[in-house]
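S.K.: Heads up, the sequence shown is in full-length UniProt numbering, so the first residue is 1 and it goes up one at a time.
Since the hints were made in silico from the structure, they are not lab data. Misleading hints may appear alongside valid ones.
Pairwise CB distance ranges, derived in the manner of DEER restraints [what the hints assert, rightly or not]: (1) 20 with 51: 20 to 28 Å; (2) 81 with 103: 19 to 27 Å; (3) 12 with 127: 18 to 26 Å; (4) 42 with 78: 29 to 37 Å; (5) 64 with 43: 30 to 38 Å; (6) 72 with 118: 14 to 22 Å; (7) 109 with 51: 36 to 44 Å; (8) 105 with 84: 20 to 28 Å; (9) 131 with 74: 29 to 37 Å; (10) 129 with 64: 30 to 38 Å; (11) 35 with 107: 27 to 35 Å; (12) 36 with 105: 14 to 22 Å.
Note that the coordinates shown come from a computational prediction; the quantities given were computed from them, not determined experimentally. Glycine included, C-beta positions come from ideal geometry on N, C-alpha and C.
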Amino acid sequence: MQDHATEPMRAAAALAAHLERIARDIERWLQLFADDAVVEFPYALRLGLPPRLVGKPAIAAYFRRTPGVFRDLRFSDLRVYPTTDPDVLVAEVHGSATLAPTGEAYEQDYVMVLQCKDGRIVRYREYWDPTATSSFREGSVRDALGGE
Numbered sequence: 001m002q003d004h005a006t007e008p009m010r011a012a013a014a015l016a017a018h019l020e021r022i023a024r025d026i027e028r029w030l031q032l033f034a035d036d037a038v039v040e041f042p043y044a045l046r047l048g049l050p051p052r053l054v055g056k057p058a059i060a061a062y063f064r065r066t067p068g069v070f071r072d073l074r075f076s077d078l079r080v081y082p083t084t085d086p087d088v089l090v091a092e093v094h095g096s097a098t099l100a101p102t103g104e105a106y107e108q109d110y111v112m113v114l115q116c117k118d119g120r121i122v123r124y125r126e127y128w129d130p131t132a133t134s135s136f137r138e139g140s141v142r143d144a145l146g147g148e
């Protein structure tokens, strides 16, 4: 597979690299982001998780915990909706994993909005159902992700 970290990216390449790396190599995944990138989870506050991460250090602190929470994360049923700007796209994807804190199966449908500039992701917004699993509601996953 092509190493997207060494070439200027457009949104479609960034999305492919995002889905490939997030479950396998968080450090390489972080290379996709601009230093001042913003990651948003509009529904996260309902679970006591941060709805907005600003800057690569905040993004790294949050996402370095995810491999210990979402074991064997896989994506399927990808649908990409290009926009008139090749640096912006909207995508739908299904995610499956095992929640390491509880052993519970995790199934989630995501909507992702991704924007690139100068070859890096500058804004990433992810919509997901905060009630998809009881482990989120009961707090074990929230606690593992550093929520309140």
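S.K.: To test your reading of the hints: which numbers does this structure violate?
M.R.: 2, 4, 5, 6, 7, 8, 9, 10, 12
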